[in-house]
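Participant: Sequence:
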Amino acid sequence: MAKIPQKLERKKSDIYKDAPIAKFGERKPDFSTMGRKMKNPHARFREVVCVEACRTPYGRSGGALKNFSAMELGAMAIKEVLRRTGGKVAPSDVDYIFMGQVVPAGCGQIPGRQATILAGVPEFVPSITVNKVCSSGIKTVDLAFQMILLGRAEICIAGGQESMSNCPFVLPDMRWGAKMALPNGRVVDSMVYDGLWDAFYNRHMAIHGSEVADEFGFSRQEQDEWAL
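According to our numbering, the stretch in the sequence shown is residues 1 to 228, in order.
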(Lines of atoms letter the chains of each structure in order from A and count residues from 1; the text may use other names and numbers.)
(Lines give C-alpha, C1' and ligand atoms only; values in the text may rest on other atoms or scores of the structure.)
Protein backbone atom coordinates (compact mmCIF):
# COMPACT_ATOMS: atom_id res chain seq x y z
CA MET A 1 0.00 0.00 0.00
CA ALA A 2 1.32 3.39 -0.94
CA LYS A 3 2.34 5.58 1.94
CA ILE A 4 0.19 8.65 2.43
CA PRO A 5 2.28 11.83 2.27
CA GLN A 6 2.59 13.46 5.66
CA LYS A 7 0.95 16.67 4.50
CA LEU A 8 -2.23 14.73 3.66
CA GLU A 9 -2.37 12.91 6.96
CA ARG A 10 -5.02 14.86 8.73
CA LYS A 11 -7.42 13.76 11.38
CA LYS A 12 -11.09 13.92 10.55
CA SER A 13 -11.65 16.20 13.51
CA ASP A 14 -9.18 18.70 12.03
CA ILE A 15 -10.96 19.08 8.70
CA TYR A 16 -13.22 21.84 9.95
CA LYS A 17 -10.81 23.23 12.50
CA ASP A 18 -10.64 26.63 10.83
CA ALA A 19 -14.28 26.79 9.77
CA PRO A 20 -16.49 29.38 11.50
CA ILE A 21 -18.68 26.81 13.24
CA ALA A 22 -20.61 27.88 16.31
CA LYS A 23 -23.14 26.33 18.62
CA PHE A 24 -26.84 26.49 17.82
CA GLY A 25 -28.03 30.07 18.05
CA GLU A 26 -24.49 31.46 18.03
CA ARG A 27 -23.63 31.58 14.32
CA LYS A 28 -21.16 34.43 14.01
CA PRO A 29 -19.02 33.81 10.91
CA ASP A 30 -16.14 36.21 10.35
CA PHE A 31 -16.93 37.71 6.95
CA SER A 32 -13.78 39.86 7.04
CA THR A 33 -11.46 36.85 6.73
CA MET A 34 -13.49 34.35 4.75
CA GLY A 35 -12.37 35.79 1.42
CA ARG A 36 -8.69 35.52 2.32
CA LYS A 37 -9.06 31.83 3.16
CA MET A 38 -10.17 31.03 -0.37
CA LYS A 39 -7.69 29.69 -2.91
CA ASN A 40 -8.34 32.68 -5.17
CA PRO A 41 -6.57 35.65 -3.52
CA HIS A 42 -8.90 38.01 -5.39
CA ALA A 43 -12.05 36.40 -3.98
CA ARG A 44 -13.67 38.83 -1.59
CA PHE A 45 -17.13 39.37 -0.26
CA ARG A 46 -18.36 42.78 -1.27
CA GLU A 47 -19.10 45.52 1.22
CA VAL A 48 -22.82 46.09 1.69
CA VAL A 49 -24.24 49.39 2.94
CA CYS A 50 -27.73 50.68 3.67
CA VAL A 51 -28.25 53.92 1.73
CA GLU A 52 -31.69 54.99 2.97
CA ALA A 53 -34.61 53.68 5.00
CA CYS A 54 -38.19 54.74 5.63
CA ARG A 55 -41.55 53.35 6.64
CA THR A 56 -45.22 54.27 6.56
CA PRO A 57 -46.92 55.47 9.76
CA TYR A 58 -47.65 52.71 12.24
CA GLY A 59 -51.41 52.37 12.08
CA ARG A 60 -53.99 50.26 13.85
CA SER A 61 -56.54 47.82 12.52
CA GLY A 62 -59.47 49.76 11.08
CA GLY A 63 -57.67 53.08 11.55
CA ALA A 64 -56.74 55.97 9.27
CA LEU A 65 -54.89 53.73 6.79
CA LYS A 66 -57.70 51.22 6.31
CA ASN A 67 -58.51 52.49 2.80
CA PHE A 68 -54.99 51.76 1.54
CA SER A 69 -54.17 48.25 0.34
CA ALA A 70 -50.97 46.50 1.38
CA MET A 71 -49.61 47.08 -2.13
CA GLU A 72 -50.33 50.81 -1.96
CA LEU A 73 -48.59 51.07 1.40
CA GLY A 74 -45.60 49.16 0.04
CA ALA A 75 -45.47 51.44 -3.01
CA MET A 76 -45.43 54.51 -0.77
CA ALA A 77 -42.37 53.22 1.06
CA ILE A 78 -40.55 52.26 -2.15
CA LYS A 79 -41.18 55.67 -3.74
CA GLU A 80 -40.12 57.53 -0.61
CA VAL A 81 -36.90 55.60 -0.08
CA LEU A 82 -35.91 56.36 -3.68
CA ARG A 83 -36.81 60.04 -3.22
CA ARG A 84 -34.62 60.25 -0.12
CA THR A 85 -31.55 59.35 -2.16
CA GLY A 86 -31.81 62.80 -3.72
CA GLY A 87 -31.86 61.45 -7.25
CA LYS A 88 -28.68 59.43 -6.77
CA VAL A 89 -30.66 56.21 -7.20
CA ALA A 90 -33.25 56.21 -9.96
CA PRO A 91 -36.00 53.56 -10.15
CA SER A 92 -34.28 52.07 -13.21
CA ASP A 93 -31.02 51.68 -11.24
CA VAL A 94 -32.55 49.08 -8.92
CA ASP A 95 -31.52 45.51 -9.69
CA TYR A 96 -33.94 43.65 -7.42
CA ILE A 97 -36.81 44.35 -5.05
CA PHE A 98 -37.82 42.06 -2.18
CA MET A 99 -41.10 42.71 -0.35
CA GLY A 100 -42.40 40.63 2.54
CA GLN A 101 -46.09 40.05 3.20
CA VAL A 102 -47.70 37.65 5.67
CA VAL A 103 -51.32 37.63 4.49
CA PRO A 104 -51.67 37.90 0.70
CA ALA A 105 -55.29 36.66 0.74
CA GLY A 106 -57.44 38.80 -1.52
CA CYS A 107 -54.50 40.87 -2.78
CA GLY A 108 -54.15 39.23 -6.18
CA GLN A 109 -51.05 37.66 -7.65
CA ILE A 110 -47.54 38.60 -6.46
CA PRO A 111 -48.43 41.59 -4.26
CA GLY A 112 -44.77 42.54 -3.94
CA ARG A 113 -44.64 42.95 -7.71
CA GLN A 114 -47.79 45.05 -7.63
CA ALA A 115 -46.18 47.42 -5.12
CA THR A 116 -43.11 47.67 -7.33
CA ILE A 117 -45.14 48.72 -10.37
CA LEU A 118 -47.33 51.10 -8.33
CA ALA A 119 -44.15 52.79 -7.10
CA GLY A 120 -43.16 53.60 -10.67
CA VAL A 121 -40.30 51.13 -10.88
CA PRO A 122 -39.77 49.90 -14.47
CA GLU A 123 -41.24 46.53 -15.39
CA PHE A 124 -37.83 45.06 -16.20
CA VAL A 125 -36.79 45.28 -12.53
CA PRO A 126 -37.52 41.84 -10.97
CA SER A 127 -39.21 41.48 -7.60
CA ILE A 128 -40.01 38.70 -5.16
CA THR A 129 -42.71 38.42 -2.51
CA VAL A 130 -41.47 36.73 0.68
CA ASN A 131 -43.66 35.04 3.28
CA LYS A 132 -41.89 34.00 6.47
CA VAL A 133 -44.67 35.13 8.79
CA CYS A 134 -43.37 37.72 11.28
CA SER A 135 -39.87 37.48 9.82
CA SER A 136 -40.98 38.30 6.26
CA GLY A 137 -39.70 41.88 6.22
CA ILE A 138 -36.35 41.21 7.88
CA LYS A 139 -35.84 38.19 5.62
CA THR A 140 -36.03 40.48 2.59
CA VAL A 141 -33.15 42.49 4.05
CA ASP A 142 -31.16 39.27 4.40
CA LEU A 143 -31.89 38.29 0.79
CA ALA A 144 -30.91 41.72 -0.52
CA PHE A 145 -27.73 41.57 1.57
CA GLN A 146 -26.79 38.21 0.07
CA MET A 147 -27.44 39.38 -3.50
CA ILE A 148 -25.11 42.36 -3.12
CA LEU A 149 -22.54 40.47 -1.02
CA LEU A 150 -22.14 37.80 -3.69
CA GLY A 151 -22.02 40.25 -6.58
CA ARG A 152 -25.37 39.30 -8.10
CA ALA A 153 -26.78 42.81 -7.68
CA GLU A 154 -25.59 46.36 -7.11
CA ILE A 155 -28.72 48.00 -5.72
CA CYS A 156 -31.65 46.27 -3.99
CA ILE A 157 -34.73 47.46 -2.17
CA ALA A 158 -35.95 45.33 0.74
CA GLY A 159 -39.07 45.86 2.79
CA GLY A 160 -42.44 44.63 3.91
CA GLN A 161 -46.07 45.53 3.46
CA GLU A 162 -49.25 44.56 5.24
CA SER A 163 -52.80 45.76 5.78
CA MET A 164 -54.55 43.88 8.54
CA SER A 165 -57.55 46.15 7.98
CA ASN A 166 -58.02 44.70 4.50
CA CYS A 167 -57.53 41.01 5.29
CA PRO A 168 -60.71 39.32 4.04
CA PHE A 169 -62.96 36.77 5.66
CA VAL A 170 -62.89 33.43 3.84
CA LEU A 171 -65.71 30.94 3.20
CA PRO A 172 -63.76 27.66 2.84
CA ASP A 173 -66.89 25.50 2.49
CA MET A 174 -68.53 27.48 -0.31
CA ARG A 175 -66.53 25.97 -3.21
CA TRP A 176 -68.68 22.84 -3.27
CA GLY A 177 -71.53 24.12 -1.13
CA ALA A 178 -72.31 23.82 2.57
CA LYS A 179 -75.40 21.87 3.54
CA MET A 180 -77.97 24.05 5.24
CA ALA A 181 -75.47 26.91 5.01
CA LEU A 182 -74.91 28.39 8.47
CA PRO A 183 -74.23 27.13 11.09
CA ASN A 184 -72.49 24.42 9.06
CA GLY A 185 -70.67 26.88 6.78
CA ARG A 186 -67.42 28.22 8.21
CA VAL A 187 -66.34 31.87 8.10
CA VAL A 188 -62.57 32.22 8.63
CA ASP A 189 -60.70 35.45 9.40
CA SER A 190 -57.63 35.31 7.14
CA MET A 191 -55.81 37.83 9.33
CA VAL A 192 -55.85 35.42 12.27
CA TYR A 193 -55.83 32.09 10.43
CA ASP A 194 -53.08 32.92 7.90
CA GLY A 195 -51.07 35.36 9.95
CA LEU A 196 -51.40 34.75 13.68
CA TRP A 197 -52.43 31.11 14.12
CA ASP A 198 -49.90 28.28 14.50
CA ALA A 199 -50.66 25.80 11.72
CA PHE A 200 -48.98 22.92 13.57
CA TYR A 201 -50.16 23.30 17.16
CA ASN A 202 -53.49 25.02 16.44
CA ARG A 203 -53.03 27.91 18.83
CA HIS A 204 -52.33 31.63 18.73
CA MET A 205 -48.69 32.56 18.15
CA ALA A 206 -48.83 35.14 20.95
CA ILE A 207 -49.25 32.27 23.41
CA HIS A 208 -46.07 30.63 22.12
CA GLY A 209 -44.17 33.90 22.43
CA SER A 210 -45.19 34.37 26.05
CA GLU A 211 -44.39 30.77 26.97
CA VAL A 212 -40.94 30.84 25.36
CA ALA A 213 -40.12 34.15 27.07
CA ASP A 214 -41.12 32.68 30.43
CA GLU A 215 -39.21 29.45 29.81
CA PHE A 216 -35.93 31.22 29.05
CA GLY A 217 -36.45 34.12 31.44
CA PHE A 218 -36.56 36.96 28.90
CA SER A 219 -38.28 40.08 30.19
CA ARG A 220 -40.26 42.41 27.92
CA GLN A 221 -37.61 45.09 28.43
CA GLU A 222 -34.85 42.71 27.31
CA GLN A 223 -36.84 41.76 24.22
CA ASP A 224 -37.40 45.41 23.32
CA GLU A 225 -33.72 46.23 23.81
CA TRP A 226 -32.69 43.32 21.58
CA ALA A 227 -35.19 44.35 18.90
CA LEU A 228 -33.91 47.92 18.85
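By construction, these hints were calculated from the structure, which means they are not laboratory data.
Values in this document were obtained by computation on a predicted structure and should not be read as measured data.
Positions of the beta carbon are idealized from the N, C-alpha and C atoms, including for glycine.
Heads up, some of the hints might be wrong.
[Claimed, not checked] In silico lysine-lysine, BS3-like type, Cα no more than 27 Å apart, as pairs:
1) Lys132 x Lys88
2) Lys132 x Lys179
3) Lys88 x Lys179
4) Lys79 x Lys66
5) Lys139 x Lys179
6) Lys139 x Lys66
[To be verified] Ranges between beta-carbon positions, derived for each pair:
7) Ile117 x Phe218: 15 to 25 Å
8) Arg44 x Asn67: 22 to 32 Å
9) Gly59 x Asn131: 34 to 44 Å
Participant: Confirm or reject each hint.
Facilitator: Right, here's what the structure says about each hint:
no. : hint                        : result
1   : Lys132 x Lys88              : violated, 32 Å
2   : Lys132 x Lys179             : violated, 36 Å
3   : Lys88 x Lys179              : violated, 61 Å
4   : Lys79 x Lys66               : holds, 20 Å
5   : Lys139 x Lys179             : violated, 43 Å
6   : Lys139 x Lys66              : holds, 25 Å
7   : Ile117 x Phe218: 15 to 25 Å : violated, 41 Å
8   : Arg44 x Asn67: 22 to 32 Å   : violated, 48 Å
9   : Gly59 x Asn131: 34 to 44 Å  : violated, 21 Å
Hint check: violations occur at hints 1, 2, 3, 5, 7, 8, 9; the rest are consistent with the structure.
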